[in-house]
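Work out the full structure: start from the sequences and follow the hints.
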Amino acid sequence: MSLALGCPRLLKVRLDGCRLLSNPSVRALCQNCPKLRHLSLQYCVKLSDNVFQHLLAAPSLRFVDLGRAKLTADGIMSYRQQRPLVELCINGVPG
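The sequence shown finishes on residue 95 if you use the working numbering, and the numbering steps up by one all the way, no holes.
Everything labelled a hint here was simulated from the structure, so no lab data went into it. These numbers were taken from a predicted model, which means no experiment stands behind them. Take these hints with a grain of salt, some might be off.
[Stated by the list, open to error] Per label pair, the in silico range of CB-to-CB distance: (1) Ser-2 to Ala-57: 29 to 37 angstroms; (2) Cys-89 to Lys-35: 31 to 39 angstroms; (3) Ser-2 to Asp-74: 15 to 23 angstroms; (4) Glu-87 to Cys-7: 19 to 27 angstroms; (5) Leu-5 to Val-93: 26 to 34 angstroms.
Backbone N, C-alpha and C fix where the C-beta goes; we use that ideal spot for every residue, glycine too.
Put into structure tokens, the structure is as follows:
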């Protein structure tokens, strides 16, 4: 949360392995960093499908890596349909 509030001009954030990172933290990044283009959250195991609603609030995103998060196929497909220009990487597989 502090990162999002204190650094609003972030373009690229890599928080891989932050096991305590949760959906509200991602919401803070997406709401407070309007130029954020690259977000890597591999092995952030507390993230769920709710993270997608927060990612939708970040129109400048072009790459998101959510490897090893607890996501459903429906959540992934819905996000991809709503943001086809975002490269979404899940479990090491871009697409």
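Structure-based check of all given hints:
| no. | hint | result |
| --- | --- | --- |
| 1 | Ser-2 to Ala-57: 29 to 37 angstroms | 19 angstroms, violated |
| 2 | Cys-89 to Lys-35: 31 to 39 angstroms | 20 angstroms, violated |
| 3 | Ser-2 to Asp-74: 15 to 23 angstroms | 33 angstroms, violated |
| 4 | Glu-87 to Cys-7: 19 to 27 angstroms | 23 angstroms, holds |
| 5 | Leu-5 to Val-93: 26 to 34 angstroms | 33 angstroms, holds |
Hints 1, 2 and 3 from the list above are not met by this structure, while the remaining hints are.
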